[in-house]
Each structure stands twice: as structure tokens, then as C-alpha cells.
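Q: Here are the chains, one letter per residue:
Protein chains: 2
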Amino acid sequence: MTTKKTHTVIFQPSGSRGPVKRGRTILEAARDLGVGVESICGGKRTCGKCKVVIQEGFFEKFAINSKMENLSPVTEEERHKLKPEELSDGYRLACSSKIKGDVLLFVPEESRSGGQIVRKAAGELTVDIAPAVNKYYVELEKPTLEDSTADLERLLSGLEQNHKLKGLEMDFTALRSLPDVLREGDWKVTVTIWDGREIIKVEAGVNDTMMGLAIDIGTTTVVGYLTNLRTGEVVAIDSMMNPQVMYGEDVMARITYAMSHEDGLEKMNRAIIGGLNKIIRNTTEKAGLSPEDVFELVLVGNTAMHHIFLGINPEPVGLSPFPPSVQHSLDVKARDLGLTACKGANVHVLPIEAGFVGADNMGVVLAVEPHKSDEILLIIDIGTNGEIVLGNKDRLLSTSCATGPAFEGAQIKYGMRAAPGAIERIKIDPKTKEVRFKVIGREEWHTEFEEDVGAKGICGSGIIEAIAEMFKAGIIRKNGTFNAEVDSPRLRKDGEGKLEFVIAKKEETSIGKEITVTLSDVRAMQLAKGALYTGCKTLMKRMGITTVDKVILAGAFGSYIDREASMVIGMFPDCDLDKIAAVGNAAGDGARIALLNKEIRKEADKVATKIKYIELTIDPDFQTEFMRAMYFPHMKDQFPNVSHILEKIPE
Amino acid sequence: MTTKKTHTVIFQPSGSRGPVKRGRTILEAARDLGVGVESICGGKRTCGKCKVVIQEGFFEKFAINSKMENLSPVTEEERHKLKPEELSDGYRLACSSKIKGDVLLFVPEESRSGGQIVRKAAGELTVDIAPAVNKYYVELEKPTLEDSTADLERLLSGLEQNHKLKGLEMDFTALRSLPDVLREGDWKVTVTIWDGREIIKVEAGVNDTMMGLAIDIGTTTVVGYLTNLRTGEVVAIDSMMNPQVMYGEDVMARITYAMSHEDGLEKMNRAIIGGLNKIIRNTTEKAGLSPEDVFELVLVGNTAMHHIFLGINPEPVGLSPFPPSVQHSLDVKARDLGLTACKGANVHVLPIEAGFVGADNMGVVLAVEPHKSDEILLIIDIGTNGEIVLGNKDRLLSTSCATGPAFEGAQIKYGMRAAPGAIERIKIDPKTKEVRFKVIGREEWHTEFEEDVGAKGICGSGIIEAIAEMFKAGIIRKNGTFNAEVDSPRLRKDGEGKLEFVIAKKEETSIGKEITVTLSDVRAMQLAKGALYTGCKTLMKRMGITTVDKVILAGAFGSYIDREASMVIGMFPDCDLDKIAAVGNAAGDGARIALLNKEIRKEADKVATKIKYIELTIDPDFQTEFMRAMYFPHMKDQFPNVSHILEKIPE
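Here the protein sequences line up with chains A and B, keeping their order.
Under our numbering, the first sequence has 431 at position 431, and the numbering climbs by one with no breaks.
Under our numbering, the second sequence has 290 at position 290, and the numbering climbs by one with no breaks.
No lab work stands behind these hints: they were computed from the structure.
Some clues are possibly wrong.
As the list claims (entries may be wrong) - A few chain B positions that, by computed beta-carbon distances, are all more than 12 Å from chain A: (1) His-7; (2) Ile-545; (3) Glu-564.
Unchecked claim - Residues from chain B that face chain A, not an exhaustive set, calculated with beta carbons under 8 Å: (4) Ser-148; (5) Glu-153; (6) Leu-175; (7) Ile-312; (8) Leu-319; (9) Ser-320; (10) Phe-322; (11) His-328.
Backbone N, C-alpha and C fix where the C-beta goes; we use that ideal spot for every residue, glycine too.
Put together the whole structure using the sequences plus the hints.
A: Have a look at this one:
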């Protein structure tokens, strides 16, 4: 038996992989591969910040057999710095674990270094501010031996006299603190009432701080918008990678994890609740407030995220006929979910439309309002899953298509998140095949040879443009194969003899090698865009239409993709380019709208039941349509709005 | 410095005290003093069952300075058998702790040996069975691709179709288990609905088990009645000493403990919740069921017990003007209180009348129904506190009097709980002053000299009869002093030269010494009965009446006292002896009634606001009346119904 001198190490969630010399630590390997792992002490084994989680088992996707035995034994430092439950969950310190074999590992959010750009920023909304919680100030008479009315009854009568509020109930946790707060405030208090019926908090004296948190749980990214419920202003935003990513990258992988591990649901639920508590802490801290100032939360997320967040088994959602556990919106006490906010606060969870078309899409609908539109809208929410809504005030159809995370840069060899160093825009000269690109974090396009441009990989919008440009330049054909006859040093064969196209030269990257687009990258994009196109077309067929009035691209990613490029590769049916609009993170906007206006919540419940869900896979034409849609832009369909471009493409 | 050879050891809650030789263990001391401390291994230091809690500090009442240093150091066995938090809370093993100085200690419920008679037994009730929870069986259509309605919406539509139930909400914990239960039951399920509006549990298949628990938290005793909500039958009873006793024997002591210790409220709350969870476990186990089968709980208790149970600061209840935090009944999720029952179960807490007249008295009112009576009733609930309600359907007054726990045998030298070995009945021959008595656990009266009768002490009903008999026999005078001229060897001086009367001779007891009634025992009874009498009389004065139609004695203890004896010593104003009725543990009965009929709960809330509370201490005549009422039976008032007895008493 010979001992190999190098081993394969794969870092999740970035997917960065490479050969690493035996005996190097994980922290050293991370630096070699350009993976940001936090280490305040610089590898001196003192700070304990470089936690990573070893994933054990054989991972077919990566052809890697990852084992804890492939690392040096757990050291004394690690036993000291890691909690017992972390040790049993496979946590190690990157600085102290030496590589002795192949390893797949996960870098948890807390250990990741390097800034992240919150692409899910919060725009202006037009919404009447009428939140579910309101504050009322009241001054009460002190009790005497002649009038020793109980505290709560005294408060209720004060609220009735001063504010005409009747029939109120009181949250139990608010009642617990009532006698102390009344006396602390010398019988002058501020009362927070939820939904005009439940006292959820009593504070001493005057206190008009009233915050709410809109939460968007994406499969990959979680964002929280701390919002002033009086002004509607977003006072702080925090986002993080969904901590469940370590249990599976997409929805189906997480459902499978819940099915195949007895404590799988519990672990994933704990992960997201822990993450949200961090977001609550971070945003309130930024605003100089405390979690107790969050009086109401509104949550959107796809059906699986919704179920796991609530601690409901998502298994049925992953098995035909895919019924969710609940469709209607819910109001759950934050404390029942383990969230640390105001003790009496409620979490309002938007309704689910059907199956995979979840509360996140309901958020999109609230933001775009197709149910009030005369024009027929095709709303495409591009996240890890693709959700589509088609229609207007008369009729609405929806579906979900398994695009996978390719649009987000995952499953792409040099794919990465939209973070500094990611190539986000690309242009290829049709004649010379020379490439210009723009990197996130740099103002200018990279126009000529320039060292240390710092490119690390390609993000989602970059990969779409790369494919479109390669197609337009004749480097790839309609069917997605490379045209080997293209005469350019950038088109080359990789180690295994497969063709790939160089986007960034070695000197232009910070990873010590070229950044390329491979054949399997093109295949991944074909599957993703084919699924999306088929979804759009199936809905249009059901609606009996062949064109739409407008295409609305929702999802943060939708704001960054090039409209022309996406149409050139056929991500969705032809449409006037001027009629394609990006609306940003509409799911998050919908959560903020529902946070600010309680009437809109009722509207959401009504609309949710009106949207008819179309199950794509049982459509008799699905297979044929999907196969045709894998072509660039399509095997048969015409694209008059970009025909001037398509016509120029060399055969 | 000389080292004393004996030290004072006092065992709480029994109050048993005595000199103990230096170097003896606490377990040996307990045996010497007749205190039951559990010890399965017989003191071999192996079982760890003999836990006791050392109370540190100077206790004025006992003139004892108790310190942990007055015991041998903590041994290895103790470190092994006791949890760290127990060690820091002052826990020791009785077998391993040797006495080196004066010690006051508490024997927790779990360490007490010897059977206890549940005097709070459950009688028959006349009540329409209409509980707040109901079960419905429903069979649903399975979801298909054509109809993938969500689980909850499917269930709701099934309940509407089959049982005409509309507008239902669902408890969040029940929703969490919904998808699994529906599939486990093959879409045939039993649904439990609370108050016609909230689904609190869904069970697979047919399951008609529906239990409720009525809970009576007394200051001294806690009882739970596991009740079949279909039949009303009490299927199991469990009782225990209120575990809060270690923090204070009466209501004021516990309020003081909450005020003077930062975590005092939390500790007492944890103690009662832990105790109730034990009762839930014990009763359901006896019935062959699980805590999950308890679908509803109803709780009664005085205002301080009510507040501490809910985790509400009881301090204002103990300070003039004594307002409670809430008067109205409450429905709180059992899980919010830390109670282990069905996860969606509610605890209904009966309303408080006013100040100290709490939810326990409301239970008494529900059982006795003075608000429906034509006759004027004087209802006296004798527990550790005395609560009085006077009136009929036209008008109701109430008050509370600080009787202290003397009626329950506490603060009495040889006082003990109503447990085997307690003297419960006493007769004294007026001429010979010879004593006959009856001991709990023995069928027969003790009529002549008999060794090993096994008397250990005197319980509450015994002490009342002892005082009455001593008064009738001329051994004590109207003003409570001993008549030293009585010629009987039983009237003797104790070590300090104070007179006392021997009830049981040394040979008749199992404690190796005589059981006596001392001067301070008589004083304690004078204070207790004086307070009670003053309360009754003050209410009657306010009502403008001098006699009542009926006297109702509530409280378990009320069932055991001799009506004639209690009138002879003047516990309450004169009344036809035939019109004095004992109704047992009416507070517990009221809790059972409210558990079985939800309409009566609404009635309770209405009645609670109608009963006018009279604060005794601000009555201008209070001091004078109290002083006069300390006499046997009274300084001035006449007792025509027992005048034939009173006239015979020698001056």
C-alpha cells in the first residue's frame, strides 16, 4: 500500500476544491484555495474561530469519500475550544486538523471571513402604514383600600376610558410582568396591542419605539429587515447564508435530509432559528435597540423553508402529490418557535399558494400585485428554485420548476456567490473571441491585460452572460456543444480532454489559475433555463395565450441579469425587451408590506386560494417541451425581439 | 470554651424539635424525634433517598442559629448522590451529616416516609358534563395530484362537512404533528377541540380517551384530581405537601421570600410546577395513561398561590391595599407554564374575588352556590388562611382572616399533619380529667391503658377538640390561662416551669415521651379562632344581621372538626348545630365543576365581580372585636345553641 502525497479537499458551501498536500492543515488548505476561513489568531491555535464541520460519507456528486479518520486526531486545544455537542456533530478547528485523506467540509457562517454583498437590499415601498401592532399610552389611578381593583382590570378600564379599546385579552408573558411594570412606571405605561385584541407588552412610562422584522428565508440566503413600524423605514438589514445549507444545498436535499435522519428536521429547525436569532440580535444592535423592541415579525419562504422553520415535517411536500401541511397564513408566538423578540410578539407567516409555490411567492405577488393588473404578467422568481405566476386580475396560474441553483453560480466549476471577486458581467468580441469582464468590488470593466484583477470566480449573472456571449460568438452551438473549429487560444482542452473556454487568464485571477466555462457548466445552464422556459410555456398554454404583456423578474438575482442575454439564451418566452422589468427581492418586499399593513394579510389569504397551481410533471407535453427548451434559445420557438442578434450568430 | 454535648435540631415542615446528642446523624435524630425520613438502605449510605435541606440563618421564632458548619463536612457519598445545584441549595444526606451544633432543616416531600391520608377526597358532584374540550372523529380523502389541498385545510373541510364545525383555529404544536399523524392514521383521525374554536390535538385513528385535571393548590397541600371528561368520574387522585413549604409556611412568609430573594419567585414557581408535573405523572400512571392524555386543566388556589403558580410577582398582594394582578379567569397554555400535559392543553385558572380571597374561594362558591341561595349562608373555608363568604342571591360579602396554620396542627408543639399516628379525637372526663383519644390509622378509641397506641402528635381537628374539652373540664379558663387549681397529675409544669396538660402518656406514644397541650398551643388557638370569629362578625355587621341561616364549613379540615367543640370554643358566631354543614374540599370540588362544565366558568367570572370584599383591618372596631373574640367562646357574645354546655363549666 502506498500513501498518496496529495488529497482532495472540498470546501462547502462555496464548492471550492483542490488537491492539498498531505500534512497541511485545513486552514492552510483554505488559504491555498482562496476560501475565506475566519482566524483571528492567524493559525496560532488560540482564538478558536476557525470552526469547520466535517461531512462524513461517500458523496457521489464529488466522487469523494470523506471521513473523520482522514484528519489528524482531535487535539487538546480542540477539546477545549469546541463544545461536546460540536465535537459529536463533526466540528473541528481548521488550524488544528491536518489532512491525511480526502475530506468534504462545511464552513459555517460564523467562521466565514470576507465581506458579503447583500444583494437583497430594501427599496422604497408604497404601502399604507397600518401595522398589526399599535402602542397606547395610559395613566392610571393608583389602587387604594377603597378601590383595590386588580392590576389588569385597572389597565383594561384605563384603555377603555382613554382609547375606547374593548374586549382585550392579554398575553400571558405580558401579564407576568404587569405588576412590576405598573409600579415601576408609577401607573403610567405604554401598552402594545396586537391585532386590536391582545395586549402583548406593557412598558413603564412613555415608549414609542415599535420595530418589526420582515424575514425572507431563501434556500441559500436569509435576510432580515428591521423596520420602524411607525414610519415604514428599514433601519437595519442583516443577511446570512441559510445555515441549513450544510444539510443540503437545495430544497429536495433538505427534505431528503429530514427523511433520512431521525433528528434531521430538528437540526435544520434549530439551525434556522439560531440564524434568525442572530439576525434579530445584529439588526437591533445596529439600531441601538434590543430584541425586546421587536414587536411583530413577518416571514416568507418557500414551502420547505416554511415547514422546517415551523418545525413541521416537510416530507409530504417532497413526495407526489406534494400537499403542504397548511396553506392559510399563521400567527405563531415567537417564543413558541424559540425566537428571541418581545416575549408576547407574534410571527405572521404568509400563506402558501400550493406545493412548492410557497409563502415567498406570496410575498412576490403582494409586491407585484398581478391580482390587480389588467395586463397579463409573467412573474418569474429566480432563486434556488424557480417559481412562476402568470395572469391578471381575472385569472392566475402558478407553477414551480426545478431550476436548481445553477443560476446562483452553484454547480458551476468556478461558480461563486455574488461577493467581491466574482465576475458579474462579460463581453466577448465575436471576431477575436477576446473577453472583457467586470468584477464585483471594482468600479471599472477589465479592458486590457491587467495583473491582480482579483477575479475569484463567476457569479450567477456572470454565467448567464458568459453563455449568451459564447453563444453569440459562435463558441457554443444551439445544442450547447462547443464549436471545436473556433480558432482561439481561449478554447482549450482540460486535463481530461474536455473543451472549456477561458474567461479570465491566470494573471487576472487571485486563485492562481484560469477561470473557465466548461462543458458541464453549459449543461447545467441548459437544464436550468430549459426548466424555467418549460414552466413559463406550460402556464401560457393552459392560459391559452402565446405572448404576455410583461415579464417581471423577481429575486435579487433577477435585478442583476442582463435582459438581452437572458432572452438570447431563451430563459423565458419572447417579449419586448422594454417590457421586461426587474423588481428585486420582491419576496422580501412582500414580507415588509405585510409587516406594515395588516389588511394586506387578509388580501394575501384570499389571493392565495385563487391562484391555481399547475403541476408541470403531469403535463403530457412536459418531456418534449423540456427537451426542446434545452436548446439556445429554443429548438423551435421564435424570438422576434432578439432576432436581430440571433441572425448574426455564425452557424 | 466548652463544647456542648447536645444540640437543638428542628425538622420542618412538621416542626418536630428536640435535643440531639453531638455526633449523631440527622437520620438518627429523625428517628429519635419520630420524624419520618425516607431511607431505603436503612442508613447504609447507599440509596441517596434521605435528602434534607439545611436552612441557614437565625430563626427568631425558634431561637435557633442554624448553620451548615454545625454539621460534619460534605462527604464523598454526598457529592456523588446529590446534584451540584442541590449541594449549593443546602441539600445534605441525613445519613451522612453528623450534628455538631443547632440545626433547622427541611424534609422535602420526596424524602418523607409514612403514608399520608388524602383528606381532600373527591365526592360526588351534580354537574352537567359539558367540558371545554371535545373530541371528533373524521375520515378524510387522501390528497391526489388533482386535489393537493393542504393538510390543515383538508382537515378543516372534513370537520365542517362531518361535524358542522366552522372558523376553527389550530394550536401551533398540534399543527406541527399534523402531517405525520394524518399519514399514520391513514387519513382517519380524532380531533380534540377546545372551546369550540381551537384544535389542540390530532390523534391517529379512533381515540376517545379524554382526561382533565382539577388542581387545588393549598398553601400546605396540593391535590390533583384526574377526571374523565366524558363521565365526570375521578379516576385517580394524588396529593402532596406544597413543595413551597420550604420557602415559608404561610402565605405571608412566601410573599416575603419572593420580596427578599431575587430568585425567590422563580424558585417557588419552579417548585410548584415541578410538584404539579409529579401529580400529572402519578395520576396518569395510576390510570394507565400518559400526561399527553390530559387535555384540559383547571386550577384553584388562593391569590398568592395563584400568582406564584403563574410566575407573577405576589408582592403587591402582600402590601396594602393588596390588589391582585388579575381578577378575571385566565386560559394559559400548559406549556407556557412548564406543565407537561397534552402540548396544546390549556390551564383554566378560576377568577380571584379580591385581595387574599382567591380562586380557591371561587371554587368554594361554585360548589356551595350562595349566589343561588335564598337563605343567608356563612361559608368558612378553613385552610392555612381563613376565607369567609357571607350572603345569598341578593348580596355577597367576603373577607380573609389571618388564622395562620394553627388549625392545621402547625405552630402547635406536638402538632402534625392528619397522618397515621395523629390524635384526631379527644374526650376529657370533667370530673377525673382522664383522657380518651382516637388515633388516625386505628379503628377504635383508646379507652384504657394500652401500650404502643402509636400516637405521634395531634392534628388540627384533635387540637380543637383538646382545647374545647380542656375548657369544658375547667382545665383552661375563658381567657385561655390554665387553672392551676385543677387536681390532676396530667396538669404539670414543663422544664421551664410553664403549665401543660398531658393528652397521651409516654407509654401511649411512639415518640418516647408524653404528648401535651402547652400554654403557647392554647395561645395559638386563641389567635386563630379569634381572627376567624372577628371576620365572620365583621361581615355580619356590614350585612346588618346578627344571625345566619346556615354555616358551611369548607376545606378538608372542616369535615373533621367537631361542630359542638368548634362552637364551644367560639370559632364562629352561634348557630343551630343542625344548620352547620361540612362540605369537604369545596375548593377542589369547584375546580372539578369548572373542569366539567365550561358554562359555569362564565358564571364564575360574573359572580367574582359581584362579591364585595371587606378589608378587616380598616374596620374601626377590628382591634376591639379581635381582642374580645380571643376569649372562649367570646368575651361578650352569647351562644344560645351551646349554652347547656357552657353553663356546666366550673368557674
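Q: Does each hint fit the structure? Answer for all of them.
A: Verification of the supplied hints:
{"no.": "1", "hint": "His-7", "result": "42 Å, holds"}
{"no.": "2", "hint": "Ile-545", "result": "23 Å, holds"}
{"no.": "3", "hint": "Glu-564", "result": "38 Å, holds"}
{"no.": "4", "hint": "Ser-148", "result": "4 Å, holds"}
{"no.": "5", "hint": "Glu-153", "result": "5 Å, holds"}
{"no.": "6", "hint": "Leu-175", "result": "6 Å, holds"}
{"no.": "7", "hint": "Ile-312", "result": "5 Å, holds"}
{"no.": "8", "hint": "Leu-319", "result": "10 Å, violated"}
{"no.": "9", "hint": "Ser-320", "result": "6 Å, holds"}
{"no.": "10", "hint": "Phe-322", "result": "6 Å, holds"}
{"no.": "11", "hint": "His-328", "result": "7 Å, holds"}
Of the numbered hints stated above, the single one contradicted by the structure is hint 8.
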